[in-house]
Amino acid sequence: MNVRPFEVLLVEDNPGDVLLTTEALEEAKLHINMSVVSDGVEALAFLYRRGPYAEAPRPDLMLLDLNMPRKDGREVLAEIKAAPDLRGIPVVVLTTSRAEQDIVRTYNLHANAYVTKPVDLEQFIAIVHAINQFWFTIVTLPPH
Amino acid sequence: MTQTNVPGMDRGQEAHRIRVRLLVSYVVMIGLPGLAWAVTASMTSTLHATYTHTVNVVDALSTDVVLRTKLMDDEETGLRGYLLTGQRVFLQPYAAARAALPALRRRTETLAQADPQLRREAAVLERRAQAWEAWARQVLRLPRAHGGNASAVFAQQFAGKTLFDAYRAAADRLSGHLALLRRHDLQQGLGALERANTLIGLLFAAVLVLGALIGWQTTRAVVRPLRYLGQAAEAIGRGALAQPVTVRAAREFEELALSMDRMRHQLASQRALAMTIGSTLHHADVYAEFAAHVRELVPYDFLSLALITDDGTTLQTVYATGVAAEAVVSGVRRPLQDDSLCGQLYRSRAPVVYDDVAALPVEVLSGDTRRMAAAGLRAGGIVPLCTSQRVTGLIHVVRAGPDPYTLDILTSLITLAPLIAAALENAHLYQALETTAADLRRSNRELEQFAYVASHDLQEPLRMISSYIQLLQRRYQGQLDARADTFIGFAVDGVTRMQRLINDLLAYSRVGTHGAPLVPTDCGEVMAGVIAALGAPIAETGAHVTYGALPTVLADATQLGQLFQNLIANALKFCTGVTPQITISAKHVPCGHCQTHPASGTGLAAAKPHAGGEWLIHVRDNGIGIDPTCAERIFITFQRLHSRDEYPGTGIGLAICKKIVERHGGRIWVESQPGQGATFTFSLPDADRPSVDSEGRSKGRAA
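In order, the protein sequence lines correspond to chains U and P.
So the first sequence is residues 1 to 144, counted in this note's numbering.
So the second sequence is residues 1 to 703, counted in this note's numbering.
Keep in mind that the hints were calculated from the coordinates and are not lab data.
You can trust all of the hints, since none of them are fake.
Okay, the calculated beta carbon distance ranges per label pair:
#1 U:Ala78 x P:Thr637: 38 to 44 Å
#2 P:Thr637 x U:Leu19: 32 to 38 Å
#3 P:His642 x U:Ile138: 46 to 52 Å
#4 P:Arg445 x U:Leu19: 37 to 43 Å
#5 U:Asn112 x P:His544: 43 to 49 Å
#6 U:Leu19 x P:Asp481: 22 to 28 Å
Partner residues are not named here, just some residues of chain P that face chain U (Cβ under 10 Å, in silico):
#7 Glu460
#8 Arg463
#9 Met464
#10 Ser467
#11 Tyr468
#12 Ile469
#13 Gln470
#14 Gln499
Computed far set for chain P versus chain U, every beta-carbon distance over 10 Å:
#15 Ala205
#16 Val223
#17 Ile236
#18 Gly239
Idealized CB from N, CA, C, for every residue including glycine.
Could you put the whole structure together from the sequences, leaning on the hints where they help?
Following this line, the structure appears as structure tokens:
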């Protein structure tokens, strides 16, 4: 079995959501190492290990918000899925938007899943657990 | 019609031809009796000539010949007696005849001059008579007393007989010739009579033929045009104005046809104007149509139209055309002074005409009268545009040239004035209505957009509040004091309610902004889905939900489902203390019987008249019922009749129902009494006719 922690990259500009997600992950009791960046530019720097992220780990899973300043989630998604060495990273779009056009567009950009953030805390926690559960215990991920 | 325009045929020429033909007929008609008279006169003259010839020449000569022969006989008898007896007494008849003969001889000679042959034969007769008389005188010179013997006398007598016989033969030949002449005269007279007879017969036949010809010509020239004009008048009377009235006939008929055609044209123009203007909805179109049609009814060189404001204080020229029209500044407002010409018209409501525009005040109606006069305009007329209440405007026509207008000429304009006034009023109302409708649509769209954006963007901060309060509750419940737990409880409750309100508001606004096209949709199928979705609450309450055959209607299936779900959920909610019995039924109402309910919606869609049939769908329950006075309130957003503790909910469910029904072109209402259940009814138009969504766009039936 894999002894290293699972690496999760959360791309989220809202600190409230960052904290909520962190709290939810804590409750999950999984061995997870979560990194957080607040916009698309930082996310790509993290993935390409540029600047302050030279030592950044390669994430096993990305949780990507859509609406962000500077470079939004759609652009980040398009770049990742166009890059041969990054496109293997599973990307779960986690957003407040329920708009049909967002859902269609992100899947067309090869997002691996589209999840709408529920308003209710209990549901939110349940969803974060479910995501972790699915990606880290059910699914077999590609080796690093 | 019998007469039409023949291309290339000059109408004047044709009329001339008909006139000439008639004239010739009349001349011949009058000439024929003249000819008959001439024939008779010629015959009479011929008869007279032959008769005169017969009596004066032939008969007289015949008598003369007979008389002369008798006298000659008397001479011969006397002479013979004397010669036989020698007695001088026997010579008496001879002497008497000798005395009478010379007069007769002269007459014969004169009468015989008429004819050469007569002259010749009369000459022969005369010569022979003289020969015998010469012999007689010779014989008488040989008296018996002078010793003549009997044999010598006999010899003399024999010679005398020969001479006398020759005379007789000449007399007979002359008589024979006279008889021939008499017969010739008679034949000539008879011939003249026969010729006259034949000629008069021919003339009579010619009169007959000519009479028939004139009759035919009269039919052609009078009866046919008259019949045609009668039919044309009848057609115009019936209102068939398309066929031009034109006839090729005498000038009088052509003039009559021409004035009938003018009348037809005027009527057609009036009707065309009435029809066009009645259906014209924009001011500018009304003006242009009016100016174009009026030209055919009333000749003008300048026309303007001015409107009077509702309060009767201001006159505004809105349209001008023709000579000097550029001198008119459209849109300029002028005060309508009581003592001015226009002011008088406004009060009297009667049209006026004037002879010279230059004599008017400088500013009357539409601009500078001096400039109009300078442009050659002279006589004019002003006709007020009257509605039943007041004068709404003035029509001003002016023309160049010396002829003044009369009220008679302006009759068409005066007749049409109320129509123009009504058309302008209509255009005005239509414009106002259109503006209001456009404002309403825009405001509605903005509101819906606003509601959607607001509720959507409100979700984000609300989620933060909600999540962290819940996190607080989750992590720290029991660690603070009891009051803190109560505070947190209220905060959680408030946030939850707000979320629900926002979600409901979002759902409400989505009805207008996120609707799918209306397509034929099976209500039964939708209903089955709804009942499946409501499986849990139905099972919980033990409700009986029944529905009969439901129709196919034009609908957005998702919204129709939401409509049924809201109504059924509502019925389930308000059935406390009894087992809910919910019945859904449908009824078709044909055209003209569409039910109007006082409680029906007040929106545009609800007020729309239904041209075809519609379906009424009833959702009946046995719940607590509704006070009829509140029947309208329950369809208004966030209106509740009960406290949240009694019956949960935000009060938007029925408002959404109403909005969905109205988007589908129907109405919704409730009939109920407290404690006796409630029946919610909504109407939906037939699937086979186009419906109208809340935006007012017509949606055709989708394939």
